Amino acid sequence: KQEVTQIPAALSVPEGENLVLNCSFTDSAIYNLQWFRQDPGKGLTSLLLIQSSQREQTSGRLNASLDKSSGRSTLYIAASQPGDSATYLCAPDGSGAGNMLTFGGGTRLMVKP
Amino acid sequence: EAGVAQSPRYKIIEKRQSVAFWCNPISGHATLYWYQQILGQGPKLLIQFQNNGVVDDSQLPKDRFSAERLKGVDSTLKIQPAKLEDSAVYLCASSHGGVITDTQYFGPGTRLTVL
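Line order of the protein sequences matches chains V and C.
The first sequence maps to residues 2 to 114 in the numbering used here.
The second sequence maps to residues 47 to 161 in the numbering used here.
FYI, nobody ran anything at the bench for these hints, they're computed from the structure.
It should be emphasised that the depicted structure is a prediction, and the values quoted were computed from it without experimental measurement.
Just so it is clear, CB atoms sit at the ideal spot from N, CA and C, and this is done for glycine as well.
Some hints here could point you the wrong way.
As the list claims (entries may be wrong) - Taking CB as the label site, the calculated pair distances span:
hint: 1; chain 1: V; residue 1: Ala80; chain 2: C; residue 2: Asp120; range: 22 to 30 Å
hint: 2; chain 1: C; residue 1: Arg62; chain 2: V; residue 2: Gln55; range: 47 to 55 Å
hint: 3; chain 1: C; residue 1: Val119; chain 2: V; residue 2: Val14; range: 40 to 48 Å
hint: 4; chain 1: V; residue 1: Ser70; chain 2: C; residue 2: Tyr56; range: 42 to 50 Å
hint: 5; chain 1: C; residue 1: Gly74; chain 2: V; residue 2: Ser70; range: 34 to 42 Å
Put together the whole structure using the sequences plus the hints.
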């Protein structure tokens, strides 16, 4: 059974800092890994999807890396802004039928002006 | 394109009562998911439909939870009878289906409080 851990559970930083959010998973047999953002009282929004054959994926100020063999992924946020405040969740996609995500507990990020 | 719609947004019930949630996925999406998200935790998959067939319901507490997807479009999730530990946000998501790089699109969720 896949288990996903995200460290840190919460993070508070001043605006402008570069951040690294960590995700580890126990079963390396995955098709891909996704990073999501969740704002309070809202659903999840997909930020990045890294296929198992890729090492990293970039979108604007976000960069996600994947080391499948060691069961680790990191999300790098450059020049953080108050609008980045949210909970960030990682979810490896298991090698079963269809698109099966196992979510970590998330990292709650607060960026202070 | 319209997103995933869910209703109601909030529901408060007493334990042992029944409750139902409704989800309308993005048009054309074959796959529909129901997740349970307890406060402070990540979402946990309850059931996955491909069109109107169940792909996975291994984590659905079948003694009290049921779900259906009529005509492969809308879906309802029912809890009967509810327990205190069912208090959570119930998220519906949909995706095209059948592609390894598929992306799930989530609705805003229904926040259930069981008293």
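Output the indices of the hints that this structure fails to meet, ascending.
Structure breaks hint 1 only.
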